[in-house]
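Now for the letters of each chain:
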Amino acid sequence: MDMKKSSTINNQYTYGFHKPEKSSFKTPLGINEKVVEAIFSYKNEPLWMREFRLKALKIFKQKKMPSFGPDLSELNFDKLCFYNSPSNNKFRKWSDVPKDILDTYNKIGVPEAEKKFLAGVEAQYDSEVIYSNLKNHWEKLGVIFTDMDTAVKKYPELVKEYLGTLVSVDDNKFSALNSAVWSGGSFIYVPKGVSVPIPLQAYFRINAKAVGQFERTIIVAEEGSFVHYIEGCSAPIYTNDSLHAAVVEVFVKKGARVRYTSIQNWSGSVYNLVTKRMLIEENGIGEWVDGNLGSKVNMKYPAMILKGKGARGELLSLAYAGKNQYQDTGGKAIHLAPNTTSTLISKSVSKNGGRASYRGLVKIAKGAKGSSSHVRCDALLLDDKSRSDTYPVNDVQEQDVILGHEASVSKVGEQQLFYLMSRGLDEIQATSLIVNGFIEPIVKELPLEYAVELNRLINLSMEGAIA
Amino acid sequence: MKNIIIKKNENLVLPVIWRGKKKEISYNIKLAGVGSSLTFLMLLLGKKEDKVKIQVNVDHQNIETKSKIIVKGIVDDSASIDFNGLVKIEKGSKGSNAWLSANLLLLSDSAKGRAVPALEILENDVKAGHATTIGKINDAELFYLMSRGLSKAKATDLIVQGFLNGFLNYEK
Amino acid sequence: MKKTLIIENLHVSTVGGKEILKGVSLTIKQNEIHAIMGPNGGGKSTLSQVIMGHPGFVITKGKILVDGKNITKLSPDKRAKLRIFLGFQYPVEVPGVNFANFLRMAANENKNKNEKISPIAFRNLIKEKAAKLAFSEDITKRFLNEGFSGGEKKKAEILQMSLLRPQFAILDEPDSGLDVDALKYISKTITNLDFPVGLVVITHYQRILHYLKPDFVHVLIDGKIIKSGGAELAKEIEKNGYEKIFNNK
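Chains as they are written, first to last, in our numbering: chain A, 1075 to 1541; chain B, 168 to 339; chain C, 184 to 432.
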């Protein structure tokens, strides 16, 4: 056994906003009881978490791989490392950062300070000053915004109340895996009636590191509250990990509203298999804005469970599948109560042999009278090497409803190209404009910096493709 | 499972009507020849306890092939319809078009409908799309007809007829 | 040669092989207004699109010269850079593409680095010119032709022309589908252009020729120009129709 621990850890975890990770720790390859026990003890967690993890491990071993979607046969669990502490994780020399990543950062205008963080040269985005101001602000509101590791110790009762109740450990093989080896992620609690005016961003978490492999996130919005959470980044983040399996559980209580914006652009050969679910109570509003730009294989279907009457769910999903990429994305809306509505909009772009599939489920249960659901998925195929699929399941068990679904697949319109070129734009510029216009309904819901980066990224990739 | 191969420049119009007897209907159709086309019209009339599972697979294997699948279902009483369509356009089938529309009208409280109109497109110089609706009769239409003096039952009948006419006049 | 657009014995077929233009010749000088009239299906729109380099047509014979340069094989954007403009008959909608951003990109294409217009300056310029065309909504906030009424689309084409300042502009039926007011605004904008331009106005109805006096009028029927004349020719057509002209050529 070659576990490395370079300093003793007290039984009391001293959390504080300025504590850097001193020790570095890495589990041996593979997943088994010893690995899970090591994670638990290294993180110094309460006993109930040990039980939770070990039970999950048992279930993980029993569960089968998904019977649909991309080929996951290359994933060899015995050869993966399931816990790698932040200081180990992505420290690299500036000179080791691949040139094309640096080029991309330059071209899309990533600020100097951020480049080192994104490239994994530094473990933390140096945002201390901004961070502490914001922290004061939300503390005054009674909002809890911390990382999951801290929450488990500081707010155990709250965490226990919600953890695993929306995405159960045995939901699927990867929710079981996450439950066994999770680390990092956010815990957000918004009290009744509180509206958090500024979006909570993931990189402002305590000891923020670039996103980890098995993040576990819980958001609870009490009655009448509002919060917008943002994670990820459109600029490519380079990672050595091959498997990411996060779990996100969001609880939108009566009359509350939660918007969860997430953009991933994993560079490298990542399998990103995520389970995200929102439970929306009476008159609550839940919104997923989901940007999928990176990874070799990405499986993500943000789900909305419309449990209370009048609940509303909205999903805006964007997928970009370039060379060697398979984006299997979409969403689910489950209507369980009367007068619930769901809207799912998906836009995908495939290029250079990439494959983008929309996988969706809309189910309207008996009794959900007066409900309606609309799904619109459009796919743009930029060349004849690429592929687009749509697998939409529409299941209606209640008569007094309306469900509509539309999908289209096409290439860039010749008339549109000619029109733009007749105004002096060359083919690459014209195609960029058209592709950016195509994804505009999703991009306009992103915070400005993300939108700008994303548009520039598209322009860059158009240049690469056609040149 | 019915297997059909459509040859070069052949235009197949295939009408299928289900009135509740069969429990399963499946078709595997290949547009194998250049310029071949398929118009598949499916009318589903379910009532009482009728149930059916339908699978229609259409594979575009050549250039300039066209498919149009129109499915209209009326589901009454406790009937239920499960429609699964898979339209695939293979790589190289340039200039092809595919369109699938599936509309299930649920006429009674216990009626149920499920539709999975899947697409797999491996060629970009094509046009493909689909549209599905499942649910009750449009309230606005009902109100409009009733405001002209028709009883709810009569109005419903008219609307259902109109729904079916759409099927019969597919070309328009 | 300077400041001239020459169409020389142009024979054009569709990509599918159908011959539309059967030998069209025209010489347009800057500051001249040429009107091309004729019945539907005669090839007027084809001519305008071919001058701009539409990929759906093939030039089987003849050539097009701008300032002595043969542009017959150039792509549409390269022709635009030679400052040729086409006002489309049916402008296509390009969803999600902001009108102002797109136009600024196009306008800056032909400028040197230090001459490029800033976004704010350009927005103001657009608003100023748009006001003269009486757009009901702020066009800088809208997407390229998306949701525009027929009249708005035509006005938008003229707005683009006034901002891109071409040396030759072909306007394909700029007056069709316009109400009386829109026609007046468009005509006024064209006559008040603050740069020299050679205009080719393709018109089916001649309404616009009441406001823009053409220097030359050509009648295009069945892919050939069968008669050319001055402004009086337009009046003759208005009175007697095309058939008579055709029979009396």
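To be clear, the hints were calculated from the coordinates, so they are not data collected in a lab.
For each residue, glycine too, the CB sits at the ideal point set by N, CA and C.
There could be a bad hint or two in this list.
[What the hints assert, rightly or not] Label-pair restraints from in silico Cβ distances:
no., chain 1, residue 1, chain 2, residue 2, range
1, C, Thr255, A, Pro1140, 52 to 58 Å
2, A, Leu1149, B, Leu181, 57 to 63 Å
3, C, Glu202, A, Leu1146, 35 to 41 Å
4, A, Gly1143, B, Lys189, 54 to 60 Å
[Unchecked claim] Here are some chain B residues the structure puts well away from chain A; computed CB gaps all over 12 Å:
no., residue
5, Val180
6, Tyr194
7, Phe250
8, Ile288
9, Asp306
Checked hints:
One distance hint, 52 to 58 Å for the beta-carbon pair Thr255(C) and Pro1140(A), holds here, with the actual separation near 57 Å. The given range of 57 to 63 Å is broken by Leu1149(A) and Leu181(B), whose C-beta atoms sit roughly 43 Å from each other. Range check, Glu202(C) to Leu1146(A): about 57 Å between beta-carbon atoms, so the 35 to 41 Å window is missed. Distance hint check: the CB atoms of Gly1143(A) and Lys189(B) are about 32 Å apart, inconsistent with the given range 54 to 60 Å.
For Val180(B), the condition that its CB be more than 12 Å from all CB atoms of chain A holds, with the nearest at approximately 24 Å. The Cβ of Tyr194(B) lies farther than 12 Å from every Cβ of chain A, with a closest approach of about 19 Å, so its non-interface assignment holds. A beta-carbon of chain A is positioned within 12 Å of the beta-carbon of Phe250(B); the least distance is around 9 Å. Not every CB of chain A lies more than 12 Å from the CB of Ile288(B), the least distance being 5 Å, so the non-interface label is violated.
Residue placement check: Asp306(B) does not keep its beta carbon more than 12 Å from all beta carbons of chain A (closest about 9 Å).
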